[in-house]
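Visitor: So that you can map any letter, position 291 of the sequence shown is 291 in our numbering, and since no number is skipped, the others follow by simple counting.
In case anyone wonders, no lab produced these hints; they're calculated from the structure.
Just to be clear, a hint being listed does not mean it is correct.
[To be verified] Pair by pair, the computed Cβ-Cβ distance ranges are:
#, residue 1, residue 2, range
1, 151, 59, 44 to 54 Å
2, 106, 284, 39 to 49 Å
3, 181, 65, 31 to 41 Å
4, 155, 278, 45 to 55 Å
5, 4, 304, 19 to 29 Å
6, 46, 4, 46 to 56 Å
7, 184, 218, 15 to 25 Å
8, 160, 252, 35 to 45 Å
Positions of the beta carbon are idealized from the N, C-alpha and C atoms, including for glycine.
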Amino acid sequence: MNAAFLACGGMLACAVGAAARLGIADLLADEHLSAGALAERTATLPDVLEVVLDLLCTQGVFRRDEAGRFSNTPDSEPLRSDHPRSMRHFCILASAEYQQAFGALMVTLSTGESGFRATFNGSIYDYMTRNPEPGRVYDLAMEDLSRPLSAILASEWPFAEAATLLDLGGGHGVLLRGLLRARPDLRGVCFDRRDVCVRGDLDLRQMAPDLVGRLRFLGGDFFADVLPDADVYLLKNVIHNWTDESAIRLLANVANALSTRSNARLLVIESLTDGGFSETYRAIDALLARVLCESGTRLRDLNTLSRLVESSGLVVLRANVLSTGHTLLECAGTSVES
1 MNAAFLACGG
11 MLACAVGAAA
21 RLGIADLLAD
31 EHLSAGALAE
41 RTATLPDVLE
51 VVLDLLCTQG
61 VFRRDEAGRF
71 SNTPDSEPLR
81 SDHPRSMRHF
91 CILASAEYQQ
101 AFGALMVTLS
111 TGESGFRATF
121 NGSIYDYMTR
131 NPEPGRVYDL
141 AMEDLSRPLS
151 AILASEWPFA
161 EAATLLDLGG
171 GHGVLLRGLL
181 RARPDLRGVC
191 FDRRDVCVRG
201 DLDLRQMAPD
211 LVGRLRFLGG
221 DFFADVLPDA
231 DVYLLKNVIH
241 NWTDESAIRL
251 LANVANALST
261 RSNARLLVIE
271 SLTDGGFSET
281 YRAIDALLAR
291 VLCESGTRLR
301 DLNTLSRLVE
311 SSGLVVLRAN
321 VLSTGHTLLE
331 CAGTSVES
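Please take these sequences and the hints and turn them into a complete structure.
Guide: Here is the structure:
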């Protein structure tokens, strides 16, 4: 793959994002359609849409038959909204705000400032709070990334002693939904920004009404607010969004919550530079942390993350790599012996 082709990768990303935003894969779920028919249903220009879809066909995302009709392929199926491992909203996010932030990569290279902050004049969370529609897409994109983990976590970590889970920075609660469905004896609290929790509660009532009595949302500041009691606290893909200083503030707040509960545990679940993901995935994740997250943030290895956790008043009891590739650190208060 030569450098010139890679330099055009942003164009491919925009094409994938447009197809995801227009719901092309949903429209092709049950039938093959021409560019004209798809354009009519998506209020787009047929000749331009045809060019976009032809480009995606060259990459195997869609297929075009001899009659000129387009259909899904295994690579486009995850763009469907109803796919069990849908990545539709993540593709929309990655090709829009993420892509724009990477346009400021030279700023990050020169100054260390987050490309997102340089582009949008604020952190990613500030931006999503100020802009409800992109904020909704962001929430759903994080669901896309969390969905595959819930079943794996339920089967690979014992929740036998737990009754209540608290997911910090849990978005719309998709991780908790999966865990609660796998374990009917559990209850969950999803803690996030207040605007996220409002959207999450509405989403829960529409998409998972069977869990309304077992899952609730609590808006607040996980750096400063007193955290509710729980048996297991979850931090999934949260720590890598923050500098060491901010991460220690957050972890110290969890340590305070654990200080009076000797049996309570914190599960820190992260993508690490020496974790179980592919080399390419880890390299992309490392750059994402620099460009999208708090200025000065970097992806960590296991030793660095463990030291960070322990400097916050917690003990790392054990660490293992889940079959998803994530690394899980089981942590407790300092009164617990490993």
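Visitor: Now tell me, hint by hint, if it's right for this structure.
Guide: Each hint, compared with the structure:
1. 151 x 59: 44 to 54 Å: Once the Cβ atoms are compared, 29 Å apart, the range 44 to 54 Å for residue 59 and residue 151 is violated.
2. 106 x 284: 39 to 49 Å: violated (18 Å)
3. 181 x 65: 31 to 41 Å: holds (39 Å)
4. 155 x 278: 45 to 55 Å: The hinted range 45 to 55 Å is violated for residue 155 and residue 278, with Cβ atoms some 22 Å apart.
5. 4 x 304: 19 to 29 Å: About 36 Å separates the Cβ atoms of residue 4 and residue 304, which means 19 to 29 Å is violated.
6. 46 x 4: 46 to 56 Å: violated (30 Å)
7. 184 x 218: 15 to 25 Å: holds (22 Å)
8. 160 x 252: 35 to 45 Å: violated (28 Å)
Hint check: violations occur at hints 1, 2, 4, 5, 6, 8; the rest are consistent with the structure.
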